[in-house]
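Here's the letter readout for the chains.
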Amino acid sequence: MLIIILLIAISLTIAIIFLVAFVWSMKSGQFDDTYGPSVRMLFDDKKKESKKPK
Amino acid sequence: MAAVVQEDVKCYHCGLACEGETFNLDDKSFCCYGCKTVYEILNENGLCEYYSFDKNPGVSLRHVSEDSFSYLDEPAIRKKVVEFDSDAFARVRFYVPAIHCISCIWLLENLQRLQPGVVKSEVNFAGKTVRIDFNPQQVTLSTLARLITSLGYAPKINLKPERVLNSSETKSLVIKLALAGFAFGNIMLFSFPEYLGLDQQDQSLQTIFSFLNMALAIPVTFYSGRDYFVNAWKSFKQRQINIDVPIAVGLLALFLRSVYDILFQVGPGYLDSLAGLVFFLLIGRWFQSKTYESLAFDRDYKSYFPLAVHKKVGEEWKAVVVYELVAGDQIRVRNMEIVPADCLLESESAYLDYSFVTGEAKPIWVKKGELVYAGGRLIGHPIILTVEKRTSQSHLTSLWNEAAFQKPDESKYRKIIDLAARRFTWVVLIIAVVTGCVWYVYDPARMWLVITSVLMVACPCALALATPFTYGNMLRVFGRKGLYLKNADVIERMATIDSLVFDKTGTLTHGAAQVKFIGALDDQELGWVKSLTSASTHPLSNLISRSITRNSNLTIEHFQERPGLGLEGKLAGVSIKIGSAAFTGFNGDLNDTASKVFVSMDGQVRGYFKIETQIREQVREVVTHLGDQCVALISGDQPVEADRMKSLFPPHTQLLFNQNPHDKLRYISDLQRNGGKVMMLGDGLNDSGALQQSDVGIAVTDDTGVFTPACDGILAGEQLGNLDKFLQLATSATRILKAGFVISFFYNAIALSFAVGGFLTPLIAAILMPISSISVVGFSTIAVNWKARQIFKHR
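These protein sequences, in sequence, are chains A and B. The first sequence begins at 978 in the numbering used here and counts up by one. The second sequence begins at 5 in the numbering used here and counts up by one.
Simulated from the structure, these hints should not be mistaken for lab results. Hints are not guaranteed to be accurate.
[To be verified] Calculated lysine-lysine pairs in the BS3-like style (CA-CA distance at most 27 Å, straight line):
1) K791(B) to K1004(A)
2) K485(B) to K791(B)
3) K1004(A) to K124(B)
4) K84(B) to K1004(A)
5) K1004(A) to K83(B)
6) K371(B) to K614(B)
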C-alpha cells in the first residue's frame, strides 16, 4: 500500500506545480491578450533590430 | 495637386472609396493626403509589408484632426500619462481605439524603425493599447503621440486609468476558479475509494485521504469562497438577506461538519460536495463577469473634453490642463477642437458644432462677444476666447452635479434573486429548527447531525447558478446582435421597462445628414461644385462635397470664402457662387425649414442642395411594434421636423423639442415618479443626465469606438430595429430564470427530505449537488438560446 501513497504524493506534487504555473502565468499577464502573440510570431524579423516577442 | 476624374477608386491605404480628389503615387490611389502620407512614410522606411497582411488595412484619416499633443510635455500631465519615467528610459501606454487588424499590430510594433528613440513597442490587441518604451532624451512624449496619430492611430488620452482595476478583478476570480477546480478534481479522486468501498485493512489509507481532502478544502473554502463570506457578512450587518447569506451558511456548515467527521473519525466528510459547490458557483460568477473590455460605459464629460488647452500666459501660448482654467483666462482653440468651458468669443466669428451637446445637427454661427458653450466643436479657423466659467461649472457640465450622478447604481434595484433568497432562507431556517426539535425528542444524539445536514443541502447552489447562466447567456446573445450591455443586472431591469423615451438626432436619425440636390446641374458642373466646396472647411461644404461623386480636375481661380454667406470662385471661366439665398441672389419661396445651400452660375440660380438628417431605416417599424410603450421624444433641436416625427409616432406620444440636458433628466424622473420604468435611448452628452436617471439608459451609436456617454448599454445604430425583440428577450429571461428557480427548488426539496430523515450520506450529497447544478445550467443555457432563435427568426 506504500506505493499508492507514493503515487499520490507524486501526482499531487505535479498537479500543484501546474496550478502554480497557471497562477503565475495569469498574474504575469500572459492571458491579457490572446490574439496578439498568435500573429506576432508570423512577422518576419527583417534586417536591423530584430524584434523579439516577450 | 493633380486631381483625376475617376470613379469607384478605392484608397490603397484605407480601402474607402475615393470621393474627393484622388492622390496618386507609385500607381496607387489614395483618398486623401493623410493616407498618402502614411504610405510615403512606410515606403521610405521599407515598411510596406504593412499592406501585405491585410487588404487596405489603414485607418481613414479623413476625419482625424491634427492634434498637436504638445500638452503632453507639460510635467504635470506627463507624470499622469507615463507609467515609468527616468532620465534615459520611459514607458507609456496609449489607448488606441483604431487598432483592428494584424497590420495594425505589425506597424505599431515597428515604431522603432520610424522614430529614433523608441526602444520597443508592444500592442495589446484585446485591450487596444500600445505600450511604448522610449528614451525621453531622444524623443518627447508629444512626438510619439503625433507619430502614431500621423499613422492613423490617434491615441485617446485619459488621465484616469479606470479599466485596469476591472481586469485585475477578473484575474483574481480566474485564479480562485482554477484553485477550486484543482481541489475539486483531487478531492473527488480521494473520495472515490470510500464510495466504492474500502477493505477493513485499508482503514489507514482512508484516514490519509480524509486529511488530504481537508488540506485541499481549506484554501477552497477560505480563499476561493472568501467573497461569499465577505458579502454575507456585509449584508448581514445591513440587516438584509441576499443570496450570499444562505450560501455562506451552507459552505460553513459543510466545512465544519466535514472537519468534525474527519477529526473524530465519524465519516469521510462532505468535502467533495463543498469543493464542487464552490467550483460551480465560481464558474457562474465568471460566466456572468463577461464585459466588453474595449467599450467604456462609465465615461463622463471629462473623456469628451480636451485634457489641455492653449492659454495665453504673458505674451506666449502655453498648454495648460483644462481644470486649471479660471474665469478671465484667454484661450485659443483650433479647427475641430472642443471648447472646454463657457467662454466669450474674442475673434470676429466662428462656426460651432454643438451636435454632441444639444443634438442640434446644424452648426451655429457665433459672432464676436457672444457666449460659446463648453462642448461645442470649432469648425474652421482658430479662435480666441475668454473663459467665463470654469469647466466644472459650465452650462453643460453642471449636469453632472445632479442627484442622478451621485447615487450608486446598485441600491436602485431589489434583485429577483435576493427576493427569492430571502424567502428561501427563512423556509430553510424554519425546517432546520423544526427537524432539530423533532430529533431532540426522538434521538438527541443525532440532533446536530441532522441540523447541519439540513443547512448543508439547503445551500442554494443551483439557485445561485440560475441567475448568472441565464443572464450571462443573454448578455452573449445580445452582444451577438449588436446590443452591448454593461452587466447582467441591466437585463433584469430591461425586463421591467414599460416606457421608452427617445432622443432624436443621432438616435432616431442618422448622425450624418443626407444631401439632395434640387435643380438642374450636369455632371461637369457638379464636378465644379465639388471642387469648390472641397476647398472650404465649412461643415455644409464638407457634406455637399462628400455627396458628389463627380470629380473635376480644373483649378479654381479667385476662390473666396465669405463667412456667413458662402463661397465663390471661377472654374472654366464660369463664376460660381455657393451659399445662402441672399448671397446667390435667390428670391423664391423659402418657407421650408430644411437647411438649403444655393448654387448660382454666372449670376443665375441653378438650384439648391437640401440637407436633412435621415431617419434610420426600421425606426418606423420598431415604433409600430412598440406602440404604446413609446412615451416621448425629447430633442434638443428646434421643432423643425415636428411633422415628420409626428407621423412616425403613435398619436399619444409626446414630442418635446428645445429641451436642454436638465429638462431631459427632469422629464425622466417625472415619469419615474408616476411609476414608470423608463428606458432612455440617446447618443449625445446632452442625453447623459437622462441616460443616467432612467432605469435603463442605452446609447445608440454607429461606431462603438467613438465617444458614448455613460450608459447601461451601447446599441449599434443599425440594430435599432431590433429594439422590440431585445425587450421581448429580456422579459423572457426573467421567465427562464424563474423556471430555473423551480428546478433548483425541486432538487433542494429532494435533498432536504433526505436530510430531514437523517439519511444524507456523503455519497448522496456528492451525487445530488452536481446534478442539480448541471441541470440548472443546462436548462438556462438551452432555454435562452432557443428563445433567442425563436424571437429573432420572425420578421
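Verification of the supplied hints:
1. For the hint linking K791(B) to K1004(A), the alpha-carbon distance of about 38 Å lies beyond 27 Å, and the restraint is violated.
2. Under the criterion of a C-alpha separation no larger than 27 Å, the hint pairing K485(B) with K791(B) is consistent with the structure, at around 14 Å.
3. Simply put, K1004(A) and K124(B) have alpha-carbon atoms about 22 Å apart, close enough for the 27 Å limit, and the pair holds.
4. Distance check on the hinted pair: K84(B) and K1004(A) sit about 24 Å apart at the alpha-carbon level, within 27 Å; holds.
5. Note on K1004(A) and K83(B): the hinted pairing holds, with a Cα-Cα distance of about 26 Å set against a maximum of 27 Å.
6. This hinted pair checks out: K371(B) and K614(B) have alpha carbons roughly 25 Å apart, not beyond 27 Å.
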